[in-house]
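Build the full structure now, drawing on both the sequences and the hints.
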Amino acid sequence: MSASAGAPVALVLRHDPAIGLGNLEPVLRGRGFDVRVVDTPQTDVSQLDALAPDLVVVLGGEEAAYDTDRHPYLADEIELLRSRVAAEAPVFGVCLGAQLIAATLGARVYRGERKEVGWLEVTPTDAGADSPVRHFAGVPTVQWHGDHYDLPEGVELLASSAQYPNQAYRRGDWLLAVQFHPEVDERIHADWLAAWGDELPGYGWSRERMLEIQATEGPRAAAASAALLGEYLDGIAPRRASSPVE
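Numbers given in the working numbering equal positions in the sequence shown, counted from 1, plus 626.
Keep in mind the hints are simulated off the structure, nothing from the lab.
Keep in mind the model is a prediction, meaning the values are calculated, not measured.
Check each hint, because a few of them may be wrong.
No farther apart than 25 angstroms at their CA atoms in a straight line, the calculated lysine to any residue pairs in the SDA-like style are these [unchecked claim]: (1) K741 to A713; (2) K741 to L777; (3) K741 to P652; (4) K741 to A690; (5) K741 to P766; (6) K741 to W822; (7) K741 to H697; (8) K741 to W831; (9) K741 to E714; (10) K741 to L783; (11) K741 to S787; (12) K741 to M836; (13) K741 to G828; (14) K741 to T751; (15) K741 to P643; (16) K741 to Q840; (17) K741 to D660.
If you want it as C-alpha coordinates, here you go:
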(Lines of atoms letter the chains of each structure in order from A; the text may use other names.)
(Lines give C-alpha, C1' and ligand atoms only; values in the text may rest on other atoms or scores of the structure.)
Protein backbone atom coordinates (compact mmCIF):
# COMPACT_ATOMS: atom_id res chain seq x y z
CA MET A 627 0.00 0.00 0.00
CA SER A 628 2.97 2.34 -0.27
CA ALA A 629 3.57 5.20 -2.66
CA SER A 630 6.35 3.22 -4.31
CA ALA A 631 3.71 0.87 -5.74
CA GLY A 632 1.80 3.72 -7.43
CA ALA A 633 -0.60 6.26 -5.97
CA PRO A 634 -0.11 7.15 -2.30
CA VAL A 635 -2.56 5.31 -0.06
CA ALA A 636 -4.80 6.90 2.56
CA LEU A 637 -6.20 4.31 4.96
CA VAL A 638 -9.39 5.65 6.54
CA LEU A 639 -10.57 4.16 9.84
CA ARG A 640 -14.33 4.69 9.92
CA HIS A 641 -16.53 3.89 12.91
CA ASP A 642 -19.95 4.68 11.46
CA PRO A 643 -21.04 5.04 7.81
CA ALA A 644 -22.86 8.25 8.81
CA ILE A 645 -19.56 9.74 9.97
CA GLY A 646 -17.53 9.57 6.79
CA LEU A 647 -14.95 11.64 4.95
CA GLY A 648 -17.39 14.22 3.55
CA ASN A 649 -15.48 17.40 2.70
CA LEU A 650 -12.15 15.61 3.12
CA GLU A 651 -12.56 12.99 0.40
CA PRO A 652 -12.34 15.31 -2.64
CA VAL A 653 -9.14 16.81 -1.21
CA LEU A 654 -7.51 13.41 -0.78
CA ARG A 655 -8.55 12.22 -4.22
CA GLY A 656 -7.56 15.54 -5.76
CA ARG A 657 -4.06 15.05 -4.36
CA GLY A 658 -3.87 11.65 -6.00
CA PHE A 659 -4.53 9.45 -2.97
CA ASP A 660 -5.94 5.97 -3.30
CA VAL A 661 -8.56 6.21 -0.53
CA ARG A 662 -9.26 2.90 1.24
CA VAL A 663 -12.02 2.99 3.85
CA VAL A 664 -12.10 0.35 6.59
CA ASP A 665 -15.15 0.00 8.83
CA THR A 666 -13.36 -0.89 12.04
CA PRO A 667 -16.31 -2.39 13.97
CA GLN A 668 -16.50 -5.10 11.29
CA THR A 669 -12.75 -5.47 10.73
CA ASP A 670 -9.90 -7.24 12.49
CA VAL A 671 -7.87 -4.09 12.87
CA SER A 672 -4.99 -6.03 14.42
CA GLN A 673 -4.35 -7.57 10.99
CA LEU A 674 -3.89 -4.22 9.23
CA ASP A 675 -0.34 -3.21 8.36
CA ALA A 676 0.11 -0.04 10.38
CA LEU A 677 3.04 1.29 8.37
CA ALA A 678 2.01 0.37 4.83
CA PRO A 679 -0.30 3.34 4.11
CA ASP A 680 1.19 6.73 3.36
CA LEU A 681 -1.47 8.31 5.56
CA VAL A 682 -3.94 7.07 8.17
CA VAL A 683 -7.11 9.10 8.75
CA VAL A 684 -9.08 8.30 11.91
CA LEU A 685 -12.67 9.55 11.80
CA GLY A 686 -15.27 10.23 14.47
CA GLY A 687 -17.82 7.98 16.12
CA GLU A 688 -20.20 7.62 19.03
CA GLU A 689 -17.77 5.34 20.87
CA ALA A 690 -15.60 6.54 23.73
CA ALA A 691 -11.86 6.12 23.31
CA TYR A 692 -11.64 4.81 26.87
CA ASP A 693 -14.35 2.18 26.32
CA THR A 694 -12.05 -0.42 24.79
CA ASP A 695 -13.61 -3.30 26.74
CA ARG A 696 -16.92 -2.67 25.04
CA HIS A 697 -15.32 -1.87 21.68
CA PRO A 698 -12.14 -3.97 21.41
CA TYR A 699 -11.41 -2.69 17.91
CA LEU A 700 -10.59 0.67 19.51
CA ALA A 701 -7.76 -0.98 21.43
CA ASP A 702 -6.50 -2.40 18.14
CA GLU A 703 -6.70 1.07 16.58
CA ILE A 704 -4.62 2.48 19.43
CA GLU A 705 -2.02 -0.23 18.82
CA LEU A 706 -1.98 0.62 15.11
CA LEU A 707 -1.58 4.30 15.96
CA ARG A 708 1.17 3.50 18.44
CA SER A 709 3.17 1.90 15.65
CA ARG A 710 2.67 4.89 13.39
CA VAL A 711 3.59 7.36 16.11
CA ALA A 712 6.79 5.44 16.84
CA ALA A 713 7.67 5.68 13.15
CA GLU A 714 6.48 9.30 12.82
CA ALA A 715 4.22 8.12 9.99
CA PRO A 716 1.50 10.61 8.97
CA VAL A 717 -1.77 10.50 10.93
CA PHE A 718 -4.80 12.81 10.75
CA GLY A 719 -7.55 12.48 13.37
CA VAL A 720 -11.06 13.94 13.69
CA CYS A 721 -13.10 14.03 16.93
CA LEU A 722 -12.96 10.41 18.19
CA GLY A 723 -9.84 10.13 16.04
CA ALA A 724 -8.24 13.02 17.94
CA GLN A 725 -9.21 11.34 21.22
CA LEU A 726 -7.74 7.99 20.14
CA ILE A 727 -4.50 9.67 19.10
CA ALA A 728 -4.39 11.48 22.45
CA ALA A 729 -4.84 8.14 24.23
CA THR A 730 -2.08 6.68 22.09
CA LEU A 731 0.20 9.51 23.23
CA GLY A 732 -0.57 8.72 26.88
CA ALA A 733 -3.12 11.45 27.58
CA ARG A 734 -6.33 11.01 29.56
CA VAL A 735 -9.59 10.89 27.59
CA TYR A 736 -12.72 11.52 29.63
CA ARG A 737 -16.40 12.46 29.59
CA GLY A 738 -16.90 16.23 29.56
CA GLU A 739 -19.31 18.06 31.82
CA ARG A 740 -21.61 18.99 28.92
CA LYS A 741 -21.70 18.15 25.25
CA GLU A 742 -20.39 20.71 22.79
CA VAL A 743 -22.99 20.84 20.01
CA GLY A 744 -23.77 23.24 17.18
CA TRP A 745 -22.14 25.48 14.62
CA LEU A 746 -19.42 27.02 16.77
CA GLU A 747 -16.08 28.76 16.34
CA VAL A 748 -12.66 27.66 17.48
CA THR A 749 -9.88 30.12 18.23
CA PRO A 750 -6.41 29.36 16.90
CA THR A 751 -3.53 29.73 19.35
CA ASP A 752 -0.32 31.54 18.38
CA ALA A 753 1.01 28.21 17.13
CA GLY A 754 -2.30 27.54 15.38
CA ALA A 755 -2.04 30.83 13.51
CA ASP A 756 0.98 29.30 11.76
CA SER A 757 -0.69 25.96 11.08
CA PRO A 758 -3.41 24.50 8.82
CA VAL A 759 -5.95 25.20 11.58
CA ARG A 760 -5.67 28.93 10.90
CA HIS A 761 -8.12 28.50 8.03
CA PHE A 762 -10.89 28.08 10.61
CA ALA A 763 -10.26 31.43 12.30
CA GLY A 764 -13.64 33.15 12.29
CA VAL A 765 -15.31 30.28 10.45
CA PRO A 766 -18.00 28.33 12.34
CA THR A 767 -17.64 24.57 12.26
CA VAL A 768 -19.78 21.71 13.47
CA GLN A 769 -19.18 20.40 16.99
CA TRP A 770 -20.98 17.32 18.27
CA HIS A 771 -19.17 15.53 21.07
CA GLY A 772 -19.25 14.93 24.80
CA ASP A 773 -15.75 13.54 25.42
CA HIS A 774 -12.50 15.44 25.72
CA TYR A 775 -8.83 14.77 26.37
CA ASP A 776 -5.89 16.24 28.19
CA LEU A 777 -3.29 17.72 25.88
CA PRO A 778 -0.68 15.03 25.23
CA GLU A 779 2.96 15.70 26.04
CA GLY A 780 5.14 16.75 23.16
CA VAL A 781 2.43 18.32 20.99
CA GLU A 782 1.52 21.89 20.10
CA LEU A 783 -1.95 23.16 20.96
CA LEU A 784 -3.37 24.78 17.84
CA ALA A 785 -6.92 25.85 18.77
CA SER A 786 -9.35 26.13 21.67
CA SER A 787 -13.04 26.82 22.20
CA ALA A 788 -14.93 28.41 25.06
CA GLN A 789 -16.13 25.04 26.33
CA TYR A 790 -13.37 22.59 25.37
CA PRO A 791 -9.83 23.97 25.45
CA ASN A 792 -7.99 21.34 23.40
CA GLN A 793 -9.56 21.64 19.96
CA ALA A 794 -6.55 20.84 17.77
CA TYR A 795 -2.95 19.77 18.16
CA ARG A 796 -0.01 18.59 16.12
CA ARG A 797 3.36 16.95 16.43
CA GLY A 798 5.82 17.95 13.76
CA ASP A 799 4.46 18.03 10.24
CA TRP A 800 3.15 14.47 10.33
CA LEU A 801 0.49 14.37 13.07
CA LEU A 802 -2.57 16.62 13.09
CA ALA A 803 -5.72 16.08 15.16
CA VAL A 804 -8.87 18.18 15.49
CA GLN A 805 -11.77 17.84 17.93
CA PHE A 806 -14.21 19.67 15.63
CA HIS A 807 -15.71 18.30 12.41
CA PRO A 808 -14.19 19.69 9.18
CA GLU A 809 -15.61 16.71 7.29
CA VAL A 810 -19.27 17.69 7.72
CA ASP A 811 -20.78 18.41 4.32
CA GLU A 812 -24.44 18.93 3.44
CA ARG A 813 -25.20 15.20 3.31
CA ILE A 814 -23.49 14.37 6.61
CA HIS A 815 -25.19 17.37 8.21
CA ALA A 816 -28.61 16.13 7.09
CA ASP A 817 -27.85 12.60 8.30
CA TRP A 818 -26.81 13.84 11.74
CA LEU A 819 -29.89 16.01 12.12
CA ALA A 820 -32.05 13.03 11.24
CA ALA A 821 -30.24 10.68 13.61
CA TRP A 822 -29.47 12.92 16.58
CA GLY A 823 -31.45 16.12 16.05
CA ASP A 824 -33.80 15.38 18.94
CA GLU A 825 -31.06 16.28 21.41
CA LEU A 826 -30.40 19.72 19.92
CA PRO A 827 -32.88 21.72 22.11
CA GLY A 828 -30.97 20.62 25.19
CA TYR A 829 -27.99 22.57 23.88
CA GLY A 830 -29.85 25.64 22.66
CA TRP A 831 -30.23 24.56 19.04
CA SER A 832 -32.96 23.36 16.70
CA ARG A 833 -32.88 21.51 13.41
CA GLU A 834 -34.15 24.65 11.71
CA ARG A 835 -31.38 26.83 13.11
CA MET A 836 -28.71 24.27 12.23
CA LEU A 837 -30.01 24.17 8.66
CA GLU A 838 -30.04 27.96 8.42
CA ILE A 839 -26.41 28.17 9.47
CA GLN A 840 -25.41 25.28 7.26
CA ALA A 841 -26.89 27.11 4.27
CA THR A 842 -24.92 30.28 4.99
CA GLU A 843 -21.73 28.97 6.62
CA GLY A 844 -21.45 25.50 5.09
CA PRO A 845 -19.59 26.72 1.97
CA ARG A 846 -17.10 28.68 4.10
CA ALA A 847 -16.56 25.68 6.35
CA ALA A 848 -16.05 23.44 3.32
CA ALA A 849 -13.45 25.83 1.91
CA ALA A 850 -11.68 26.00 5.27
CA SER A 851 -11.74 22.21 5.49
CA ALA A 852 -10.18 21.85 2.05
CA ALA A 853 -7.52 24.41 2.91
CA LEU A 854 -6.75 22.75 6.26
CA LEU A 855 -6.33 19.26 4.85
CA GLY A 856 -4.61 20.48 1.71
CA GLU A 857 -1.99 22.36 3.69
CA TYR A 858 -1.41 19.34 5.92
CA LEU A 859 -0.97 17.13 2.86
CA ASP A 860 1.49 19.65 1.41
CA GLY A 861 3.47 19.30 4.64
CA ILE A 862 3.75 15.53 4.42
CA ALA A 863 4.41 15.42 0.66
CA PRO A 864 8.22 15.75 1.02
CA ARG A 865 8.13 12.87 3.51
CA ARG A 866 6.38 10.66 0.94
CA ALA A 867 8.72 11.74 -1.83
CA SER A 868 11.80 10.85 0.22
CA SER A 869 10.50 7.41 1.26
CA PRO A 870 12.79 4.64 -0.01
CA VAL A 871 11.44 2.48 -2.80
CA GLU A 872 10.60 -0.97 -1.49
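To see whether the hints hold, each was checked on the structure:
1. K741 to A713: Roughly 34 angstroms between the alpha carbons, so the hint for K741 and A713 is violated.
2. K741 to L777: holds, 18 angstroms
3. K741 to P652: violated, 30 angstroms
4. K741 to A690: holds, 13 angstroms
5. K741 to P766: Holds: K741 and P766 sit about 17 angstroms apart, inside 25 angstroms.
6. K741 to W822: With Cα atoms ~13 angstroms apart, K741 and W822 stay inside 25 angstroms; holds.
7. K741 to H697: Distance of about 21 angstroms is within 25 angstroms: holds.
8. K741 to W831: holds, 12 angstroms
9. K741 to E714: violated, 32 angstroms
10. K741 to L783: holds, 21 angstroms
11. K741 to S787: Status holds; Cα separation ~13 angstroms.
12. K741 to M836: Distance ~16 angstroms between K741 and M836 Cα, so the pair holds.
13. K741 to G828: Given that 25 angstroms is the threshold and the Cα spacing comes to 10 angstroms, the pair holds.
14. K741 to T751: holds, 22 angstroms
15. K741 to P643: OK: K741 and P643 at ~22 angstroms, within 25 angstroms.
16. K741 to Q840: holds, 20 angstroms
17. K741 to D660: violated, 35 angstroms
Consistency note: the structure conflicts with the earlier hints numbered 1, 3, 9 and 17.
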